[in-house]
Amino acid sequence: MKKKYSLPVGISTEISSTVDLVKNNMGTLNYKIIPLDAIEFDPNNPRNLMILRSDLPQGPSESDPFYEKKLLEFESLKQTAETIKKYGVRNAVEIYKFGNSYRLIHGERRCLSSILAGKKDIPAKVLDEKPNDFDIRLLQLIENVQREDLSLIDTLNNIRQVIKEYKLHVNDAVEVDASFLEGLINRSKTQCLNFLAVLNASNDIQDKIASGEIKSIEKAAIIAKAKTSSQRENLLRSCLDGASLSQLKQESLQQKRLNGISPSLVTNLKKRPGKQASKINLSSTINKSVITKLIHLVSNDPLYITFKSHFEQMSFDDYSTCSTAFSSLIQLMEKVEVK
Amino acid sequence: MSKGVYFMKTKPVLGFANQKGGVGKTTWSKIFSEYMAIIQQKETLGIDIDSQTSFTARFFGINKNPVTDYKEPPLHPYYDPNNADGWDGRSSIADIFFGKMPKPYPTKIEHLDIIPSDEGNLFKAENIKRQEMADKVYGQLHSFINIQDVQDSYDIFVIDTPPAKGPLTISAFKAMTHLVIPLEIELQAIEGLAGLLQLWKQEAMSRPADFPLNLIGILPNKVHSRRGSDKDLLSDLRSDPSYGSYIMPVQMVDRMELPLCDLEQKSIFQYADSNPAKQEALSVCDYIYQRIFQ
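First to last, the protein sequences are chains A and B. Each number in the working numbering comes from the position in the first sequence (counting from 1) with 6 added on. Once you know that position 241 of the second sequence is 227 in the working numbering, the rest is easy, because the numbers rise by one and skip nothing.
Keep in mind that the hints were calculated from the coordinates and are not lab data. Accuracy of the hints is not assured; some may be wrong.
Using 35 Å as the maximum straight-line C-alpha spacing, the simulated DSBU-like pairs for lysine-lysine come out as follows [claimed, not checked]:
id, chain 1, residue 1, chain 2, residue 2
1, A, K126, B, K264
2, A, K126, A, K84
3, A, K126, B, K86
4, B, K187, A, K10
5, A, K281, A, K214
6, A, K255, A, K281
7, A, K92, A, K29
8, B, K264, A, K10
9, B, K151, A, K91
10, A, K29, B, K50
11, A, K131, B, K217
12, A, K103, B, K187
Distance windows between CB atoms, simulated [unchecked claim]:
id, chain 1, residue 1, chain 2, residue 2, range
13, B, G181, A, K255, 48 to 54 Å
14, B, V239, A, N31, 33 to 39 Å
15, A, S107, B, G72, 36 to 42 Å
16, A, S107, B, G85, 23 to 29 Å
17, A, G94, B, G72, 37 to 43 Å
18, A, V176, B, A195, 22 to 28 Å
19, A, N54, B, G85, 39 to 45 Å
20, A, L42, B, A70, 41 to 47 Å
21, B, N200, A, K170, 38 to 44 Å
22, B, N200, A, K195, 38 to 44 Å
23, A, K195, B, V239, 42 to 48 Å
24, B, G7, A, K195, 25 to 31 Å
25, B, Q134, A, N54, 49 to 55 Å
Every residue gets a Cβ at the ideal spot worked out from N, C-alpha and C, and that includes glycine.
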């Protein structure tokens, strides 16, 4: 018999998309609150911190050979602990089941800071089994890259490592551009463009980052993106002299404007079709200071210094005076150059 | 987010859920509980977590508290006022949300116990502050079912859930190992199905691999076998390449015997074997049983 009724497409699509989502993602949202006591650091994965759980809550002992580094870490953890006291742990740590307990994949600082904050448990994404070594390393590195409190050199080293591991284990022919990096480390495209510029920067910039003299990725990227080595050196010098980010941006912008002028001059040199020019067209401008600057430059030339007083008596308030002055300058120069 | 760790070796916990009312959750919770006790002779605990108390009423009638006007559980048959130790003689599933241990009620059917609902106290549990909800409500039913004594006493647990997506339903979902969604074959009910599947999605995706939430299927219920729209819509549902396999191959036609069973407080399995309603109920229950214990 012929069918008269059928399911509206919208409903059918909604049901099928939900069912497909579950079929493909069973167990991927396994988030739980786990007692901190049940989570151990993975001895097979290198730790980023020197400080140990046993150093908490009093802080490291002065007799500890790594006292100074541990103390710095302790202070940093205390700051995070204050945030956790107020807002809780915002991002779940990631763990995997290990016997009757769990091992940490990443979230070492959040665990230690939570202990300092007096918490007994922590939100965690639980994996059923240990991911392979590459996945763990990649997760840890990506997690580190996403931290805001890392130094620039540490962040760059982590990104280098992430790319290296990816090429080694996934695809060595991958083209490392901003889109690729964006997908890999989950940062904005602008940030990824900056990272790439700095990762590929010349040694002088790398050295200053390594020594801690440049701490801002934005500043480093502006310098690294300079077109010529002299422009780069100028920007680097300004940065080291204490230029702010906006000052550096301004300087770079001026450089770009200058860079932009030269190609148009080159274009004008192209041979034009038709009757060839028999004289020079000196163009026009609405900017009166261009004329005053030219007159100033020329009249300070020892060759034209005798005309300086002539121009000093003129006021360049209106276009007409400027045009007259410029015509006079050209005429004087023609006479001098003919001689 | 669930508190603590799931208990992986739980006995089967079957829930009948749908956010729409009147689709057959209570009817099928009762039928399947009776099937497990009468036909399979398994120790079965039925749990009524719906504050409407319909599942409880099918076994014990309606008991209203004359003061609060809320429906409450009947007096427990083992209650002895002279030896009560402060207990008022009533127990319900709401006890698990207030730090008490519920006491299952025996029914007239051998092998079948029920933990009744309690309208007033389940309202209170639902109104626990949102931030305490995760600790005090969501995981409680799962924790209760996994108490060793409770696990040792029963072979299967059957939960009747409320027609909502609130905290009590979430608590039931977190306890379930298996889910059946009764569905009337009409457009409004099918629209509502998408909403319930979201709840299933959230829970199924959150489960560890060794404690999955198995969707046994969507059970076509109260099917009007001669109505063209039922046939056509059911055919559409079953033939969908994505979710068609979740529409159970068995179904229950809209029959008079089921409401009569409720009125007479009788089991469908007490009818003659030739009764078509009993035959259909058996085929549905056999299918669910196979899926759980295969």
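Tested hints:
no.: 1; hint: A:K126 <-> B:K264; result: 54 Å, violated
no.: 2; hint: A:K126 <-> A:K84; result: 16 Å, holds
no.: 3; hint: A:K126 <-> B:K86; result: 25 Å, holds
no.: 4; hint: B:K187 <-> A:K10; result: 32 Å, holds
no.: 5; hint: A:K281 <-> A:K214; result: 56 Å, violated
no.: 6; hint: A:K255 <-> A:K281; result: 45 Å, violated
no.: 7; hint: A:K92 <-> A:K29; result: 38 Å, violated
no.: 8; hint: B:K264 <-> A:K10; result: 31 Å, holds
no.: 9; hint: B:K151 <-> A:K91; result: 32 Å, holds
no.: 10; hint: A:K29 <-> B:K50; result: 44 Å, violated
no.: 11; hint: A:K131 <-> B:K217; result: 44 Å, violated
no.: 12; hint: A:K103 <-> B:K187; result: 23 Å, holds
no.: 13; hint: B:G181 <-> A:K255: 48 to 54 Å; result: 51 Å, holds
no.: 14; hint: B:V239 <-> A:N31: 33 to 39 Å; result: 36 Å, holds
no.: 15; hint: A:S107 <-> B:G72: 36 to 42 Å; result: 40 Å, holds
no.: 16; hint: A:S107 <-> B:G85: 23 to 29 Å; result: 28 Å, holds
no.: 17; hint: A:G94 <-> B:G72: 37 to 43 Å; result: 38 Å, holds
no.: 18; hint: A:V176 <-> B:A195: 22 to 28 Å; result: 25 Å, holds
no.: 19; hint: A:N54 <-> B:G85: 39 to 45 Å; result: 42 Å, holds
no.: 20; hint: A:L42 <-> B:A70: 41 to 47 Å; result: 42 Å, holds
no.: 21; hint: B:N200 <-> A:K170: 38 to 44 Å; result: 43 Å, holds
no.: 22; hint: B:N200 <-> A:K195: 38 to 44 Å; result: 42 Å, holds
no.: 23; hint: A:K195 <-> B:V239: 42 to 48 Å; result: 59 Å, violated
no.: 24; hint: B:G7 <-> A:K195: 25 to 31 Å; result: 50 Å, violated
no.: 25; hint: B:Q134 <-> A:N54: 49 to 55 Å; result: 42 Å, violated
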